[in-house]
Structure formats: C-alpha cells, structure tokens
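The task is simple: from the sequences and hints, build the whole structure.
Going down the list, the sequences are from chains A, B, C and D. Quick note, the first sequence lines up with residues 1 to 352 if you use this note's numbering. Quick note, the second sequence lines up with residues 1 to 352 if you use this note's numbering. Quick note, the third sequence lines up with residues 1 to 352 if you use this note's numbering. Quick note, the fourth sequence lines up with residues 1 to 352 if you use this note's numbering.
Treat the hints with care, since some could be wrong.
Repeated chains share a single entry, so a pair holds when one copy, or any two copies, can fit it.
[What the hints assert, rightly or not] Using 25 Å as the maximum straight-line C-alpha spacing, the simulated DSS-like pairs for lysine-lysine come out as follows:
id : residue 1 : residue 2
1  : K170      : K304
2  : K271      : K57
3  : K92       : K262
4  : K278      : K165
5  : K278      : K95
Simulated from the structure, these hints should not be mistaken for laboratory data.
Protein chains: 4
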Amino acid sequence: MGPDPLDVSIVGGSGYAGGELLRILLRHPRVRVKQVTSNRCAGQPVAVLHPNLRGLKPLSFVRVDDLEPCDLLFLALPNGASMHDMDGWMAKAPKIIDLGADFRLRDKDHWKRWYGSEHARPDLLSRFVYGVPEIHEDEIRQANYVAGPGCEAIVSILSLFPLVKHRLLKPSPIIIDAKMGSSQAGRTPSESSHHPERAGAVRSYKPTGHRHAAEIGQELGGLCPNLSLHISATAIEMVRGLLVTIHAFLDDPETDEKDIWKAYRREYGGKPFVRIVKQNQGLYRFPEPKILQGTNHCEIGFEKESAGGRLVVLGAIDNLVKGTAGNAVQCLNLMSGFPETEGLDFPGLHPV
Amino acid sequence: MGPDPLDVSIVGGSGYAGGELLRILLRHPRVRVKQVTSNRCAGQPVAVLHPNLRGLKPLSFVRVDDLEPCDLLFLALPNGASMHDMDGWMAKAPKIIDLGADFRLRDKDHWKRWYGSEHARPDLLSRFVYGVPEIHEDEIRQANYVAGPGCEAIVSILSLFPLVKHRLLKPSPIIIDAKMGSSQAGRTPSESSHHPERAGAVRSYKPTGHRHAAEIGQELGGLCPNLSLHISATAIEMVRGLLVTIHAFLDDPETDEKDIWKAYRREYGGKPFVRIVKQNQGLYRFPEPKILQGTNHCEIGFEKESAGGRLVVLGAIDNLVKGTAGNAVQCLNLMSGFPETEGLDFPGLHPV
Amino acid sequence: MGPDPLDVSIVGGSGYAGGELLRILLRHPRVRVKQVTSNRCAGQPVAVLHPNLRGLKPLSFVRVDDLEPCDLLFLALPNGASMHDMDGWMAKAPKIIDLGADFRLRDKDHWKRWYGSEHARPDLLSRFVYGVPEIHEDEIRQANYVAGPGCEAIVSILSLFPLVKHRLLKPSPIIIDAKMGSSQAGRTPSESSHHPERAGAVRSYKPTGHRHAAEIGQELGGLCPNLSLHISATAIEMVRGLLVTIHAFLDDPETDEKDIWKAYRREYGGKPFVRIVKQNQGLYRFPEPKILQGTNHCEIGFEKESAGGRLVVLGAIDNLVKGTAGNAVQCLNLMSGFPETEGLDFPGLHPV
Amino acid sequence: MGPDPLDVSIVGGSGYAGGELLRILLRHPRVRVKQVTSNRCAGQPVAVLHPNLRGLKPLSFVRVDDLEPCDLLFLALPNGASMHDMDGWMAKAPKIIDLGADFRLRDKDHWKRWYGSEHARPDLLSRFVYGVPEIHEDEIRQANYVAGPGCEAIVSILSLFPLVKHRLLKPSPIIIDAKMGSSQAGRTPSESSHHPERAGAVRSYKPTGHRHAAEIGQELGGLCPNLSLHISATAIEMVRGLLVTIHAFLDDPETDEKDIWKAYRREYGGKPFVRIVKQNQGLYRFPEPKILQGTNHCEIGFEKESAGGRLVVLGAIDNLVKGTAGNAVQCLNLMSGFPETEGLDFPGLHPV
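Right under this line is the structure:
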C-alpha cells in the first residue's frame with residue numbers, strides 16, 4: 001500500500017452496525033480506524049461488546065466529545081439522532097456516511113409523515129446521495145455525504161429496480177413480504193427480544209405501515225409513476241439475514257423468464273455484489289440469507305407462475321452487511337477511489 | 001363413560017401425522033386405539049418412533065395385512081396411496097377419515113392437473129366430505145367418509161372464508177405467503193431435511209404452483225366466482241407450526257376493521273377452535289404458531305393498511321394438529337356424536 | 001367431581017413459573033384458581049403475559065394487597081422474597097408451596113453461604129418439607145408447607161438418589177454437567193437474554209459455584225457422608241428443558257448395568273413420573289428434554305464405560321414442569337389426597 | 001506475490017470439510033486449487049454443493065481417477081478410506097495432509113481397538129506427524145505427511161496440554177464433556193440428522209467410548225503416565241461449533257488462577273490462533289463457539305472452584321475450521337514456509 005491510509009471514525013460504535021463496521025474496517029487494507037465513540041462504554045475495549053474482535057487490534061471506545069477530525073465519518077446512531085448535530089459532524093470530516101434514516105428521504109414532508117417529527121435540517125436533505133452503489137455509482141463517487149438505505153429498502157430496491165425500469169411489471173400491486181432476523185431490532189434488550197419470547201417466533205411485527213416503503217417509493221416511483229407498494233414484515237427465528245418475497249404481476253403475462261433474466265443482466269452485469277440465483281439443481285436454488293451471513297452479496301431470484309402472470313421475486317441479504325455496514329464500506333470505496341470490493345471479499349460460510 | 005368406546009385403527013402410523021393421532025387418541029376418553037399399522041416397523045413398540053408416547057400404553061405396530069375390522073379407520077398415507085385400496089379400507093370400517101390428498105378434490109381433472117396422475121377412483125370423490133368442521137359441520141356429522149384438508153389449505157380457508165362469503169374482498173389478487181416448519185415435509189430424511197442444511201434456512205421452497213391452491217379454490221371459489229389465489233411457501237427455522245400472511249384488497253376501501261371483526265364473529269362465534277387475535281398490548285398481538293404447538297386452535301388476525309385498501313390477514317396453526325391429526329379427531333368427534341372438543345383440550349405452552 | 005374444589009391462589013403470577021402453574025391448574029379437575037397476583041400487571045388479563053391461556057378462562061391479575069384467604073397458596077417469587085412476608089402468607093392459607101429457594105435449605109448458615117444474606121426466618125426452616133415427591137412422599141402428604149426444589153437440584157437428586165442410597169458410587173468426585181434453556185433465567189429481559197446474543201450460545205454460565213449444589217448435598221449427603229459434588233452449568237440453544245450429564249465412578253468397577261437398573265427399579269418402581277430410559281434402538285435411546293416439553297416426567301438413563309469404572313448418568317426434565325410448577329402440583333395432589341397424577345397427564349409432543 | 005503458487009488438490013471435496021478447505025484455499029494468496037474430486041458429483045460445479053462459493057471461481061468436481069500430480073494433496077475422506085490407497089496418493093504429491101483418522105494413531109493396535117479393523121498400512125504410521133501446530137510446529141515444518149486431528153481431540157489437547165505438561169493437574173480423573181453441532185456428523189442425511197428430530201435435541205450421542213480419547217491419550221499420556229481421560233459427547237442445537245467443558249482436579253489445591261494463566265502464557269504466548277479468554281465483564285467471559293464460526297481460533301478459559309480443587313477448563317473451536325480444514329491449512333502454511341496465518345484471518349461474526 002503506497003499512500004497514507006484513510007482515517008475513519010465511527011460515531012455510535014457500540015451497536016451491531018458499529019460492530020460490523022469495525023469488523024470490516026479493521027481489516028480494510030486502505031483504512032485506519034481512528035476513533036470509535038460510545039458514551040455509555042467509553043474507556044472499554046471494543047471487544048467487550050464485539051467479542052469477535054478480541055485479539056484483533058487494541059481499540060477502546062471514546063466519548064463523542066473527544067471525537068477528532070478525520071477523513072471520513074460514519075454515523076451509526078438511532079433514527080432521528082444524527083440530524084440535530086449535523087453541523088458538528090460536518091466540521092469533523094469532509095465526508096460522511098450516515099447509516100441512520102435521517103437523510104434518506106429527500107422530501108421533509110415524507111420524513112414527517114413516516115417518522116412523526118419535523119425534520120431538523122431540511123436544508124441538507126438534497127446534499128445526501130442515497131447509497132445504493134448499484135444504481136447511483138457515479139453520484140456516490142462524487143458525493144461527500146451519503147445516506148445508507150434501510151435494509152428492507154435496499155434488498156427490495158435491488159430486486160425490483162431492473163423490472164420497474166424496463167416496465168416489465170404492472171405498477172400495482174407490488175407486495176413485499178419480508179422475513180427478518182432479530183439483529184435488525186438492534187442491541188437494546190426488550191421484552192420482545194427476550195430469548196424465551198423471541199426464539200422460534202413467527203411474529204407479524206409490521207403487517208402494514210413499514211417505513212421503508214417511503215424509501216423504496218422514492219427510488220422506484222420516479223421510474224413508474226403509479227407504483228403501489230405494500231410491505232409486511234415478519235420476524236422469524238434468525239439472528240442475521242433478510243429475505244424478501246415480492247409478489248408482483250407482469251405487465252405482459254407473456255413475458256417469459258428469459259426476458260426477466262435479460263433485465264437483471266443488463267442492470268447488474270458487472271456488479272460485484274449482485275448475484276442472480278436461479279438454479280435447477282441443489283438445495284439452494286433461490287436466494288438464501290443463511291449462506292450470506294457476513295457477506296456483502298445481494299442474491300436475487302425469481303419464478304413466474306404458470307398462469308395468471310404473477311412473478312415472485314426473491315431477494316436475500318445479510319441485514320448487517322449489504323443491509324448496513326458492508327454497503328456503507330462499498331460506498332466508502334467508491335467515494336475514495338478504492339476498488340469497490342476492497343475489504344468486502346468474505347464469501348460466507350456453509351453449512352452454518 | 002357409559003357406552004363402549006369407539007374402536008379406531010390407524011393405517012400408516014409411523015409418520016408424524018400417525019404419531020400425533022396416537023398422542024391424541026390414546027388419551028381420548030371415548031376412543032380405544034385398536035391397531036396401528038406400519039409394514040416397515042411391524043412388531044416394534046410405537047414409542048420407538050414416537051418417543052413422547054413411551055410409558056403411555058403398550059402398543060406395537062402391526063402389518064397392514066393384519067388389519068382387523070373397526071369402527072373408524074384413519075388413513076395416514078402418502079398422497080396417492082389410499083385411493084388404490086379404498087375398497088379394502090371400506091370393507092374394514094364403516095367410517096373413514098383420510099388424512100392424505102386423494103379425496104380432497106371433487107373434480108378428477110383437478111386431481112390430474114395438480115397431482116400429475118389419473119385418479120384411481122373418481123367414482124368415490126363425491127362420497128367424501130371435505131373436512132373443515134367450522135364450515136361443513138352438518139355434512140361431517142352425517143358423513144361416513146371425510147377427507148382431511150391440507151395444512152396450508154385449512155388455515156387459508158379459515159382465514160378467508162368469512163371475508164369471501166360476505167364479499168368484503170376484491171376477488172383478485174389474493175396472495176397467501178406461507179411460513180412453514182420442517183415437520184410438514186414428513187418423516188423421511190433427505191438432503192433437504194439434513195439438519196446442517198435445513199437449520200436456519202429461509203428456503204423459498206414453493207414460490208409458485210403450490211397444490212393446496214386447488215383445495216382453497218374449490219372451497220372458496222363457489223362463494224366468489226372470479227377469485228384469483230396465489231400461494232408462495234417458505235420453509236423457515238421451525239419444526240411445528242404454520243403462519244399464512246394473506247395479502248388481499250378490500251372491495252370497498254372504506255370498510256373498517258370493525259366490519260371485518262363482525263364477519264369473523266358471525267361465522268366463528270361459537271366455534272371452539274377458532275380464535276380471533278388482534279390485541280393492542282403484549283407481544284402476541286397477532287396469531288403466533290409458537291404458542292399453538294400441540295393445540296387444535298386456529299388463530300386468525302388482521303390489519304388494514306392506512307391507505308390503499310390492503311388487508312393483511314394472518315392465520316396460524318400447528319400443522320400437525322389443526323393442520324392434520326387434531327382436525328381429524330375433531331371430525332371424528334362430530335361423526336360420532338361426541339363433544340367437538342373431546343381429547344383436544346391441550347392449551348399449548350408458553351414460553352417454548 | 002363430588003366435593004368442593006380446592007381454592008388455590010398464586011402470588012407472583014406474571015413469571016414463567018406462575019404461567020405454568022396457571023396452565024396446569026386451570027385444567028386441574030379438583031382445583032379452582034381463585035386469585036393470581038402481580039402488582040406490575042394488576043388489572044390485566046393473564047393471557048396478555050401468558051398467551052397460551054387466551055380463551056381458556058377469563059382471569060386477571062390482582063394486586064398482592066388484595067389477596068384473599070384460600071385453601072392453598074403458591075408463592076412464585078424471586079429468591080429471597082418470600083421469607084420476609086411469611087407470616088402474612090401463613091395467615092392467608094393453611095397450606096403453602098413455595099417455589100423459590102427461601103425454604104429449601106434447613107441450615108440457615110448454608111443459606112447465608114450460598115445466597116449471601118442472613119435468613120429472615122430461620123425459625124421456620126424446619127417446618128418446610130423439601131418437595132421431592134419420589135423421595136419424601138409421606139412427609140409431603142402430611143405437610144402444610146413445602147419448598148419446591150431448584151430445577152437442577154431435582155433432576156440431579158432423582159438421577160443420583162438410588163445410586164447413592166445403595167452405595168453404588170464412589171462418593172467423590174461426582175460431577176454434574178448441566179445443559180440448560182433460556183426460560184430458566186426467568187422473564188426479565190437483560191443483555192444476556194437478548195435474542196441476538198443468547199441464540200445459538202453455548203455459554204459457560206456457571207462453571208463453578210452453582211447454588212443448587214447446596215440442595216443436592218443436603219438431600220444426598222445424609223446417605224453418604226463424604227459425598228463431593230461439583231456442578232457446571234452451560235446455557236444452550238433451548239427455551240425449555242434441562243439435561244444433566246452426571247459423571248461418577250462406581251464404587252465397585254465390576255458393578256454391571258443390571259445392578260444399576262435394579263437400584264432404579266427398586267426406588268422408582270411405582271413412581272408415575274420417573275422413566276428409566278435406556279433403549280437399544282431408535283434415536284431417543286437416552287433421556288431427551290426435547291420430548292419432555294410440557295410434561296412432568298423425569299427421564300433417567302445411564303451408560304457404564306467399558307473400562308475405568310466411570311458411570312455416566314443422564315437426567316432430563318422440563319425445567320418449568322418437573323423442575324418447578326408441575327412438581328409443585330404433584331405436591332399439591334399429595335397434600336390434598338388427590339391422585340398423584342391429577343392435572344399432569346400431558347404426554348409431550350414429537351416432533352417439536 | 002513473486003513465486004509460483006502452490007498447486008493443491010483435494011480428494012473428497014463434496015463433504016463439509018472439503019467445502020471448508022475450498023472456502024479457505026480459493027482465497028489463499030499463495031495457493032492455486034488445481035483439482036477437487038468427487039466421484040458422485042463429477043462434472044458439477046462445486047457451488048452446487050457449497051453454495052457459499054457461487055460466483056467465487058468456476059471450478060467443477062472431477063473423478064478421482066482423473067487426479068493429476070500436484071504439490072500438496074488434501075485427503076478429506078471417511079475414516080478408514082485413505083489408508084488403502086496411500087501409495088497412490090503418495091505418487092501424486094510429495095506432501096499430503098490427511099483429514100481423516102487413518103494416520104492419527106501411531107500404534108496399530110490402538111487403531112484396531114478404537115476403529116474395529118486391522119490397519120492397512122501400519123508401516124506408514126510413523127511417517128505422519130500429528131497435526132497440532134501449537135505443539136508440533138517444528139515437526140510439521142519438516143513434514144511431508146501430516147494427519148489432521150479429530151475436532152474433539154484438538155480442542156481438548158490444546159486446552160489441557162499446558163496444564164498436563166506443567167504437572168498442574170491430578171492425572172485422574174479428567175472428564176471432557178463435549179457439546180457438539182450437527183455439521184460434525186458430516187453431509188450424509190440420516191434419521192438422526194433429520195431436522196424435525198435433530199432440531200432442539202440435547203442428544204447424549206456418545207456418553208462413553210468416544211474414539212478421540214485415543215488421540216488425546218497419545219498426545220498427553222507421554223507427559224503424564226497415569227492420565228485417565230473420559231469423554232462424553234452431547235449433540236446440541238448448533239450447526240458449527242464445539243465446546244468442551246473439562247472437569248479436572250488440581251494436583252495442589254492451592255494452585256491459584258494466576259499459576260494457570262502462567263502455564264497457558266508460557267506455551268501459547270506467541271501462538272496466533274490460541275486465545276486465553278477469561279474476562280470479568282461482558283457476556284462472553286468464557287470461550288464461546290458462537291463467535292468463532294468461520295475462524296481458526298481456539299479459545300481457552302478456566303475457572304477454579306472455591307473449594308475442593310476442581311478446575312473447570314473450557315475450550316471452544318469451529319469444528320470445521322480449527323477442528324478440521326483451517327487447522328489443515330495452518331499446517332500447509334508451516335509445511336510450505338508461508339506465514340502461519342495466511343488465508344486464515346477471518347475474525348468471525350457477531351451477533352450471529
């Protein structure tokens with residue numbers, strides 16, 4: 001490695017997204033992790049909270065007040081927390097990747113409608129690029145500020161984008177039935193995350209009204225004005241992982257599976273982290289989050305119903321990697337001129 | 001107990017449905033289990049295959065050739081196996097409950113289309129009553145021959161019947177997204193049931209083309225001619241249990257949740273095994289298969305989307321009880337003039 | 001049922017032991033559940049916390065101050081909580097079964113050593129019978145006050161008692177390696193019970209210093225003065241269930257497995273809830289907590305090492321049933337002159 | 001990378017150990033995977049069986065008859081299979097690492113006693129080095145032939161070696177209570193691996209008579225002649241991972257935990273893959289296989305009982321990595337003069 005590494009700090013490093021950023025960045029060949037903040041755990045080694053990191057590198061949490069300037073800052077804070085201090089964050093680093101929801105929506109009224117409060121910094125909304133590298137690569141390369149998508153949002157957007165763009169689907173209805181793991185709800189214990197209650201649950205946690213519909217609509221709505229999206233999310237026995245089963249209808253019921261293939265190939269042909277999975281042998285014929293744990297891949301598959309024109313699209317990711325931290329590092333790579341896959345080459349485990 | 005108990009035998013007692021029948025029937029106060037057949041395990045105590053029964057009652061498998069006459073015969077055989085010997089079964093018992101698929105469809109052409117072979121006994125199709133006690137109680141009380149529904153079918157039918165009957169839904173599309181456990185695939189080991197592969201899987205096992213669509217269409221299609229049903233089934237980490245997330249659209253988007261409640265109340269008011277679940281507190285606000293393990297309950301819940309008219313209906317059962325063996329015993333109770341709930345009063349465990 | 005039912009109340013009904021008592025008692029043919037207290041949840045239906053009970057019987061929590069006199073009182077409180085108010089409890093009911101640890105040890109110094117505080121009521125210690133019905137049946141039948149054993153304690157005591165009594169084992173060392181589920185830690189969420197952390201864990205939660213050693217020593221030490229017991233407990237992926245793998249050494253290495261059998265048969269011959277499991281076919285050759293969920297059975301098995309005289313004894317229970325609530329109801333049955341198995345006949349599920 | 005990569009082939013690449021070798025070797029900077037054999041799957045892409053490898057590199061299985069010469073050959077065959085063709089394997093490659101049991105024991109009588117057949121090539125037993133790099137580093141560096149240890153063996157040996165070497169333990173008894181995952185039983189489906197049976201099991205699969213006792217005795221017996229080792233293995237709900245809870249007794253009960261630390265430090269001070277874990281804060285105070293999935297680490301911890309001199313030693317690994325494939329690549333690195341950690345730097349995931 002010739003040049004100086006990029007100095008990167010993480011605000012809010014005690015959560016699962018922060019831990020996953022650390023796992024990836026501590027082994028990223030062009031990055032130096034400068035600081036990780038956690039007011040609650042200041043002074044403690046990061047490995048107390050992220051035990052997979054023990055022995056990797058001595059690093060302890062610092063208070064957020066002790067944050068120093070750096071080249072790029074990750075914000076891994078609860079929704080609604082980053083926008084209030086954005087001037088402060090911007091003073092610390094020329095580039096920011098925010099993993100929370102605050103700067104995902106471009107319309108402050110959408111924010112209010114879905115998150116229930118006035119947006120604190122509507123003036124900054126247009127300065128953040130929505131961080132889907134497979135769709136906004138050029139903008140991300142130029143960007144100083146990137147908003148990382150929600151995990152249901154990114155997997156749904158990647159699964160639907162080529163089909164919507166090429167007008168293969170009827171705009172209504174498109175139903176996203178998401179199956180999610182427990183890590184998505186974050187690190188704070190609650191009755192609903194208590195193991196005896198959560199283990200083996202098939203909990204209809206959000207049958208309607210899922211906030212990520214706003215992001216997906218923003219990304220895909222421009223391609224197809226009358227798009228009508230519906231999300232239901234079910235929490236299942238799983239820690240990491242997310243599968244969306246998308247039920248949609250072909251605009252032309254005669255469209256065949258080869259045409260679907262072509263649309264995906266055209267959009268994702270050279271994309272290193274999108275994998276179209278539709279095998280006719282083996283147990284893993286469709287996308288499977290189980291084998292994606294720890295990887296930055298998004299697997300996409302589909303099956304057309306023999307009659308009636310329904311197309312079932314399947315999208316799978318690790319919610320903490322392609323759904324959060326890995327995708328953010330992919331954005332960092334683009335923003336910094338590094339190879340897109342740097343630090344993100346873990347292929348996943350099987351069986352697991 | 002005054003009168004003689006009912007003598008009941010089970011053909012195909014080595015599988016999970018057979019074991020569950022035994023668990024229920026061996027403690028049913030009005031039933032005596034006479035024989036249980038399994039050619040492969042003849043001579044072995046039933047507790048070798050069904051270890052929960054050890055110590056309960058000495059009973060060993062017999063060969064099917066040794067089957068004696070009895071009052072009521074359960075057939076717990078693979079799909080397509082019972083129809084070939086139906087004359088023989090009928091000679092053994094005046095009443096038969098078939099847990100397999102052979103006599104569920106009234107139209108032999110539907111059988112051929114969904115099961116891929118000619119039906120061996122189309123002449124008998126009309127003699128079997130489709131065994132949903134909550135809908136066909138009177139017919140089942142009079143019936144000598146009952147066909148037990150498929151597990152995805154019965155939970156979907158119970159979830160949709162009042163809404164379709166009262167014309168609350170648009171007939172198209174109705175999408176059933178089923179989350180299923182591993183016991184549904186039966187007792188025979190295979191690569192797909194191998195623990196390292198199946199554990200933690202979120203396997204899109206039947207994105208389209210699920211056979212139970214035929215049964216559901218048969219039951220509900222008469223109430224609403226243009227019904228368009230679509231099923232996708234995903235195998236998740238669970239042994240017992242089934243949740244269907246049904247995405248449908250209200251015929252009149254102004255229909256409110258109270259109207260939905262009323263329709264369910266009207267149809268299921270006095271039904272002992274249907275529970276409408278829609279709580280505003282606690283962790284179990286919607287139907288949850290986790291707490292139904294071992295019970296004959298079907299829990300049904302719903303949530304209306306704030307805009308767009310989507311209604312999400314949730315239905316949960318234990319696939320081996322209300323989905324198979326328990327529902328069959330409920331039919332036996334009706335066919336025999338016993339109280340409907342006899343032998344089926346286990347309330348389920350929590351936590352589990 | 002001829003005579004009036006027994007009026008039973010539960011103090012501390014919001015926890016898992018309380019819920020399990022309710023599940024059993026609400027269907028017990030000779031018991032009427034009069035009141036269930038929970039200050040935190042007063043006024044709420046019990047089914048909000050114990051969802052398996054929904055639809056079973058309308059019953060709401062009351063404040064402990066509203067407790068009325070009854071025939072028998074269950075105390076299901078945290079360790080150290082019942083002793084302070086014992087006069088009050090005794091004023092409410094002539095018979096008490098305490099599920100907590102407060103009155104398990106007869107020696108107040110043992111209490112202090114293991115629980116770290118002075119015992120509040122050493123004068124009452126001798127009035128409580130230690131509730132292992134298989135060993136203290138006659139005393140329990142006469143008792144007004146019973147202390148329910150700890151779950152590791154009861155399964156270990158039942159597994160070892162015949163061997164110690166008949167002097168088949170060397171007194172030292174006897175090592176109890178316990179594998180436990182998450183429900184044992186109770187209902188209160190914590191970092192350690194948070195699903196992403198607890199799921200899939202193999203956590204050495206108590207390698208040494210397990211408190212239940214005190215109870216086991218008290219029960220077995222009288223039979224064999226130099227007994228040296230060691231416990232280690234590991235939390236594994238399981239909600240309900242407990243297996244102890246006990247490593248002991250035969251006093252006479254020539255003792256064969258038949259002699260072991262005989263000792264168990266002699267002590268447990270007519271006991272309805274102890275099952276000696278040692279099969280030479282099938283998958284469930286040894287005790288297995290998986291199939292005991294919801295049952296009051298204790299399964300015991302063993303295998304002698306071909307050389308060296310080690311005997312491995314295996315004991316399995318459902319920690320919430322034979323380990324807590326079911327065993328307490330078994331004591332109630334004895335104390336009340338009911339059949340020992342009343343209300344406790346659920347045989348368990350398979351597969352599950 | 002200057003010099004030519006090492007050409008490596010794998011015999012028996014369809015199993016889980018073979019898949020794990022591929023995962024590691026396909027990304028090893030100094031290795032080129034030349035061929036992978038599987039007669040059953042010849043012609044199929046490796047990703048059909050190892051779906052985590054899809055997209056990684058096009059590679060298909062070849063028949064074993066088509067095996068070509070290479071620099072180093074891995075044998076990943078069932079126990080007892082490699083020895084019969086050893087001349088053939090030796091003709092293909094100057095260096096061999098056998099992952100099976102055939103060449104682990106130096107004494108052919110031990111082989112016969114534990115594996116039940118005559119050893120086919122006792123003449124070669126002394127030519128294989130037993131592959132524990134932390135103990136036999138120098139021999140492995142010089143070796144042409146290495147036998148990879150069994151997974152229970154290597155974690156037990158690493159956990160006990162410093163304590164036995166420094167005479168800190170009484171030689172008898174030492175009891176190894178192993179908790180194992182389902183991947184250890186390999187890829188072939190069976191009744192015992194059928195998900196409904198295996199899920200949630202706490203199966204006493206080998207209470208006595210575990211074969212790995214032979215290897216452990218061979219390694220440690222030389223350091224302490226009267227060593228008496230006992231193993232019991234319990235299969236728990238887990239796919240990957242192995243924890244051994246070792247119950248031993250201190251030779252001098254006054255030995256304190258610092259002395260234990262010192263012994264471990266002395267032996268494993270500079271060893272990259274052994275981690276002594278004994279924290280006084282956090283949830284992961286002791287070794288935990290959950291966070292080791294995919295890593296080559298062996299975590300070792302311990303706790304001394306307050307009285308009686310018992311020392312509980314805990315050892316955790318991923319059975320497919322440090323227990324099999326990763327450890328074998330570590331041996332390859334030593335045999336080839338590569339850095340010991342090359343290709344083995346994955347730190348593991350949390351939460352998972």
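Status of each hint after checking the structure:
1. Proximity of K170 and K304 under a CA criterion of 25 Å is satisfied in both settings, with 14 Å inside one chain copy and 23 Å between copies.
2. In this assembly of identical chains, the alpha carbons of K271 and K57 lie at most 25 Å apart only when taken from different copies (16 Å versus 32 Å within one copy).
3. Proximity of K92 to K262 under the C-alpha cut-off of 25 Å is found in neither arrangement, the shortest distances being 45 Å within a copy and 45 Å between copies.
4. In the homo-oligomer, the alpha carbons of K278 and K165 lie at most 25 Å apart inside one protomer (21 Å), although the nearest pairing across protomers, at 39 Å, exceeds that limit.
5. In this assembly of identical chains, the alpha carbons of K278 and K95 never lie at most 25 Å apart, being 38 Å within a copy and 39 Å across copies at closest.
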